[in-house]
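Each chain, written out:
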Amino acid sequence: MLRFPSDGEEVLGPVAALVSGPATRFHAVSIEAGTCFVGIRLRPGTAKPVLGISPGLITNEVLKGEVALMLVPALGALVQKLTRGSWTVGGVMQQLSSFVDDRCADGGVNSTTPLIDALHVSGGRLPIRDIAALHTMSVRTVHRRITEATGLTPKELAMVIQFHRALRLRLRDGLGVAATALEAGYSDQAHMTRVFRRLGGVSPARLPELALAGLPI
Amino acid sequence: MFFKYSIMYVADVPATVDFYERAFGLRRRFIHESNLYAEMDTGDTILAFSGEAMAEMSDLAIRPNRPTDVAAGFETAFVTEDPRGAYKTAVAAGASAIKPPTEKPWGQVVGYVRDLNGCLVEICSPVEG
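The listed protein sequences correspond, in order, to chains P and G. Residues in the first sequence are numbered from 1 upward in steps of one, following the numbering used here. Residues in the second sequence are numbered from 1 upward in steps of one, following the numbering used here.
Quick caveat, the hints were computed from the structure, so don't treat them as lab data. Owing to the predicted nature of the structure, the values given are computational and were not obtained by experimental measurement. Backbone N, C-alpha and C fix where the C-beta goes; we use that ideal spot for every residue, glycine too. Some hints here could point you the wrong way.
Derived list of chain P stretches under chain G, where covered just means 3 residues or more per stretch with a C-beta under 8 Å from a C-beta of chain G [stated by the list, open to error]:
1. 75-84
2. 133-139
3. 165-176
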């Protein structure tokens, strides 16, 4: 993620890098007027080639400025280039996009991708033993591979995927709270409410109008 | 309302289309350039295949069909005058043999295979009378 002062069109000051690790809880961010963020959300399992580090090293961490550059030195050249020149917001977006593309030439697809995909396709509802059986692997191997690739244990990743889907069912599809809890696979409404508070800091019944500011979930 | 499509979510759409052509003699109507959707030429009611990624894009959650898993609780049935020959063709094309065609008390010949994704497919003769 890149943060910089802007009027919405041009970059008006220094560009700072932020790297947000895989997370099992939300981070409240205070934003001043005139601050612009441009970011790319990496699909779970694709972070390692892009960042050059194991995502598990930065689970639940948000690295800012110098710390981000120290851990992901490749970002340094990009930040320098963007700080020196004169850029539009769209230009910054393009630069960040090609930075990620260049470092992820194979699209991040590898032998662990199908395991992560199975969790996505099932909305986080397939137990790890079923994923292991579907791919004729041991539970231990699946656990290790997913944890290495994503920085989250399969259970944590499943919880995040299930939460994201529940959010989409509420926000995008307008499903009621009870129907969402049932379809998303929570044991009951109270269970879903606990997860929403822990992962999103919000209540499923009263989602703030600007939850995620219209960003795709 | 009328029954127009039966859509299976599959891991690999082109491979599934290819398999259904070879195993069951169907023909493709088209494969979308994204390789995430295809329709077979099955008349008014269309057998279609959708990539598993499409399920997530539509906010759906599914249990992926895999040959290593117990089959999902549905089947697709193809009618032919020669179910025994069709069964052999399907198995030769890579379908998993489950139950070779046998004659039912009502005279229909019925056999079962599983497709490349593990979905049940029935191969049967027309019901007489």
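Each hint tested on the structure:
{"no.": "1", "hint": "75-84", "result": "violated (count 0)"}
{"no.": "2", "hint": "133-139", "result": "holds (count 4)"}
{"no.": "3", "hint": "165-176", "result": "holds (count 5)"}
When held up to the earlier numbered hints, the structure conflicts with hint 1 and nothing else.
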